[in-house]
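Asker: Which chain is which? The protein sequence lines are A and B, in order.
Heads up, the first sequence is in my numbering, so the first residue is 33 and it goes up one at a time.
Heads up, the second sequence is in my numbering, so the first residue is 4 and it goes up one at a time.
Any given hint could turn out to be false.
[Stated by the list, open to error] Reference excerpt, derived from the structure (chain B facing chain A, CB under 10 Å, subset only):
| # | residue |
| --- | --- |
| 1 | Phe20 |
| 2 | Phe23 |
| 3 | Ala36 |
| 4 | Asn37 |
| 5 | Arg38 |
| 6 | Pro46 |
| 7 | His102 |
| 8 | Val107 |
| 9 | Phe130 |
| 10 | Glu132 |
| 11 | Pro136 |
| 12 | Ile322 |
Calculated from the structure, these hints are not laboratory results.
Glycine is no exception: its CB is placed at the ideal position from the N, C-alpha and C atoms.
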Amino acid sequence: MADLRANTGGIRSPNPFWLASAPPTNSGDQIKRAFDAGWGGAVWKTLGSPIQNVSSRFGALNFRGTRAVGFNNIELITDRPLEVNFREIVDVKKHYPDNAVIVSLMVETEEEWRDIIKRSIDAGADGLELNFGCPHGMCERGMGSAVGQEPKINERITSWAVGYSTVPVLVKLTPNVSDILPHGRAAQRGGAHGVSLINTIKSIIGVDIDRFVLEPRVAGLSTNGGYCGAAVKPIALHMVAQLARDHEFQLPISGIGGISNWRDAVEFLLLGSSSVQVCTEVMLRGYRVVEDMIEGLNTYMDEKGIANLDGLVGKAIPSYSEWGNLDLNYDTVAKINPSSCIGCQLCMVACMDGAHQCIHPNPDGTRVPFVDESECVGCNLCQIVCPVPGCITLEEVKDRLPPASWNDHVEHGAALREKKGVH
Amino acid sequence: MPDSSPSLPPDRSETVFEDFKPAYDEKQALVEANRCLYCFDAPCQTACPTHIDIAGFIRKIATGNTRGSAKTILDSNILGMSCARVCPVEVLCVGECVHNHQDVPPIAIGKLQRYATDKALEEGWQFFEAGAPTGKRVALIGGGPASLAAAHQLRRYGHGVTIFEARERLGGLNTNGVAPYKLRADDALAEVDYVLAIGGIEVQTGVAVGGPGGSSFADLERDYDAIFLGIGLGADSVMKVPGADLAGIHGAVAFIEAFKTGTVDLEGVTHAAVIGGGNTAVDCVRELLGLGVPCVQMVYRGDEAGMSGYEHEWDEAKIEGAQAVWRAMPLAFEGAGRVAGVRCAALDDQKKPTGREFTVPAALVLLAIGQSKLGALVAGLPGIALNNGRIVVDEGGATGRSRYYAGGDCANGGKEVVNAVAEGKAAANTIHHHLTNGRE
């Protein structure tokens, strides 16, 4: 059994799986059930001056019969009285002392920050998360992503919070910026103990094509919401990795964005997250999904001989480089295994219409397509569309030129191989 | 919509049957449609005699474009609704689905096609208009699937058409012969009306061409520019053995027509026998079980491996309680006035009598040993060649006699509805080519 204990900026939990600040962490009863199910930590639904929500709050992106590959919401922070939330935090910590309870906060003035931080810590919070990310509603009132998009304001409020807090402070970053680095560095300058990202992405999830109204529809109007769910994972992975490989940025990271299973979690860990936060998958499937997350991660680590999370965190970061450093002489070609090919020819039409026209009908008359390796650029599209796992592999061409990147070529005149697929 | 036929009695015997492949509702159709891989140059399409763009129509179901889906189907096969129900998809499109190669259940193409075409008929979606009148006229003899498909295609080209049907109702075997758990007669007639809704298809029913009161071929040659023969097959073959005239012995196709368009009385029949081993025999076994006969035995000369009926249908029949007497040759029908049993000789592997004889108890016997060929009806027309009773045609449906074309069972000897549709449509295209002197 691998040691799954996690520590992000001094916030410790029995495993790296935290519930993100969102509807699944709206109340003490919910969080107790989540901890019973196995969640290592929970970031309490953002506390602040309680708001009034709209009716109709969520929207989903469905694709080829799969529901909610993407998700968005126009819900705001807590709508429950602060004293009720604090009472429930006390109760949760009393019954679950080993699980991490992080309280998400969003208020405006320094006095309000000081007050709500004190009350949170008094209630037993193991850590705080400053919500500088919410891209809808609250930002119109000068909070949420309105803070996260301005590094100076981010730094100032972070320094207030760190000054008033006796527990670790995480800054939750918004992805609604052109470059994440200035914002992570601002949190660091403000003294934060860690960052969590990404918050949701500003989005319109869809349009009701019968009513000509955006979704989710509130009477005859709607507004942009926060995009999340499986579809946002690639954006989140990039932003997490951008920070993790930055030499100036040194804070621990709690990774968030489309994490639906243990595999997703491993990817976030490999790119530098020391814990992960989950919301959408729990909203779609319930707290019970954590059982497989824990077991899957454990089994994976045992099979890899990795004893603890330190053996995973950031281990893929060295592979993240610039395009100019990639080896232009590395050459792969697609191979189709005729014994597992089912003859759908999706690879052929994809290559002909969407790639480099190197897969053709087999001259022997069978439905196993023929790859013209002299033209194959190794783009992977055929493998991506193939419905049979393992049927198409991309294999490295031997006897090639020595490795040479674009930078090598420009700087030292390194020899590049002849281009393929430029017919 | 034109009323093609006299109404069917509401209490006819076939109404006891339910669909053996129930229709999909929307959610089921979407789940199944989204499983389709959308193959390129899809094998299912190649396997369909009418070459429906199956991957295309399934994708349209998945996107909610059901109207476009139905149009895609019906553009290739105007009888797509009945074909969706009656096609032996297991040996056609579904049998070729690539999912079979990875041991994943193949796409239920027939059920998806039914989903789209049922909707088209329910909603009355019409996709095709008659072409501008050409002044040419085509006579179609026989009102079954081949003629209906040909007539519709010819109307799209703008030619005038008249269907001559000897029975009271159009639809051919779809109306009179298809097993009711696949397609009921009222649905078949609804489809006929849907086909006729293109307009301009004249129909003459109840009078046989060449028969009393009917037009002669000479009349048709005088009044029409082309003649299509879609006359199907003739009466059930009979067995010339002792007792063949006892009551309770029927030809299979005639019996099926009787209970599809009217009622049959099976009161007191506890044992029935079906002679034959083909698809009609298997249908009859399942139909008699469905009509309430407790013990139905198929009597066949060969063994299970050698029967020509589809394996998947016989498997269904067995689940429904069918029994079989293999390697048995009827010698005589026994009984006083009414049949009581079939006296059989046991056969060996070479279908030679072993010398042993036995009696299969049966108060009802259906003979499903084939139908006569109707080629003789046109044998007197010089140029039309017959092969084993079938009308010989080329790939485009042309006979050896100028201006005569043929398709469906009378030309192919008895295949599926979808083959008749394909052949009728091909003949229509050939006729159009000839009527326009090859300009189109």
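Asker: Please go over all the hints and tell whether each is borne out by the structure.
Answerer: Hints, one by one, checked against the model:
no., hint, verdict
1, Phe20, "violated, 33 Å"
2, Phe23, "violated, 26 Å"
3, Ala36, "holds, 8 Å"
4, Asn37, "holds, 3 Å"
5, Arg38, "holds, 8 Å"
6, Pro46, "holds, 7 Å"
7, His102, "holds, 7 Å"
8, Val107, "holds, 9 Å"
9, Phe130, "violated, 23 Å"
10, Glu132, "violated, 28 Å"
11, Pro136, "violated, 40 Å"
12, Ile322, "violated, 29 Å"
When held up to the earlier numbered hints, the structure conflicts with 1, 2, 9, 10, 11 and 12 and fits the remainder.
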